[in-house]
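Engineer: Residues per chain are reported as follows:
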Amino acid sequence: VRPAVSAPEKATDHQAEIAARVKAIESIMIEKGLMTTEAVDRLAEIYENEVGPQLGAKVVARAWTDPEFKARLLENASTACAELGISGLQGEDMVAVEDTDDVHHVIVCTLCSCYPWPVLGLPPNWYKMPPYRAAMVKAPRKVLREEFGYDVPESVEIRVWDSSSELRYWVLPQRPAGTEDFTVEQLEALVTRDSMIGVGAPKAAA
Amino acid sequence: MIYPDTAGNDRGESPEHVYTVRFTTEEIWGAGEGEPNGSITFDVWEPYIVPASK
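From first to last, the protein sequence lines stand for chains A and B.
All residue numbers for the first sequence refer to this note's numbering, where the first residue is 119 and numbers rise by one.
All residue numbers for the second sequence refer to this note's numbering, where the first residue is 6 and numbers rise by one.
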């Protein structure tokens, strides 16, 4: 009989199991010549170091400073990002949703872990975990406040976007107050990953 | 757009129209259950939509 384990231990077991299975599949594919270790390493390197929220931050800062670009971004995020050389896997059809004084957006994937890779890189672990996926659709205001320390005023609607295999949503946050004189580079530095997921605000002007 | 129900099961891409639909939290969870002033959007492939009544 297996001893009862607490939930976090179970999760760790489960992750170890998945890691072992991935490793086994990788070895078989390399053995059969379907994949090379160099290709695997290169892909991991790209998504660990080169593709990440710094790319999304570039897009957001551009949208904050260029109204015509912003209009194109909201019309078709994938083609607007491609103008800046940003595109790729898991972002063929991206939709940017704009925060306003009346509506705050937040993204989730209730089914698994769909996420806009080209602008945000790989999803954080909590994004892939059942607690976030379940609670964010049921009680987003509470999750934002209690788990992320992010208070959204009751007067602001919270709109939760459930991502799908084909459509990848992400948030265009509001430009922080007091940044009128900021350069695009200074603005980029204020844009956080969490603000593009919708679980946090951009950094405030220093 | 690619229909995941077939594409994920080796039965081809069979593209279908996709609608992004929005419900208020009250519509989804019932009155008094959901948080006020919230909504949820879902992507719905054409075959998922059936008439609620005839």
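Quick caveat, the hints were computed from the structure, so don't treat them as lab data.
Note that the structure is a prediction, hence the values are computed from the model and not measured.
Even for Gly, the Cβ is constructed at its ideal location relative to N, Cα and C.
A few of these clues could be false.
What the hints assert, rightly or not - One side only, chain A facing chain B, incomplete, derived with CB under 7 Å:
1) V158
2) R251
3) L262
4) E264
5) F266
Claimed, not checked - 25 Å max Cα-Cα, derived SDA-like pairs, lysine to any residue:
6) A/K188 - B/T25
7) A/K256 - B/I7
8) A/K260 - A/V221
9) A/K150 - A/E168
10) A/K260 - B/I7
Engineer: If a hint holds in the structure, say so; if it does not, say that too.
Structural biologist: Right, here's what the structure says about each hint:
1. V158: violated (23 Å)
2. R251: This interface hint is violated because 13 Å lies over the 7 Å limit.
3. L262: violated (10 Å)
4. E264: With a minimum Cβ separation of about 13 Å from chain B (threshold 7 Å), the hint on A/E264 is violated.
5. F266: Constraint on A/F266 not satisfied, violated at 15 Å.
6. A/K188 - B/T25: holds (21 Å)
7. A/K256 - B/I7: Status violated; Cα separation ~28 Å.
8. A/K260 - A/V221: OK: A/K260 and A/V221 at ~16 Å, within 25 Å.
9. A/K150 - A/E168: violated (29 Å)
10. A/K260 - B/I7: Violated, at roughly 35 Å.
Consistency with the previously given hints fails for numbers 1, 2, 3, 4, 5, 7, 9, 10, ordered from lowest to highest.
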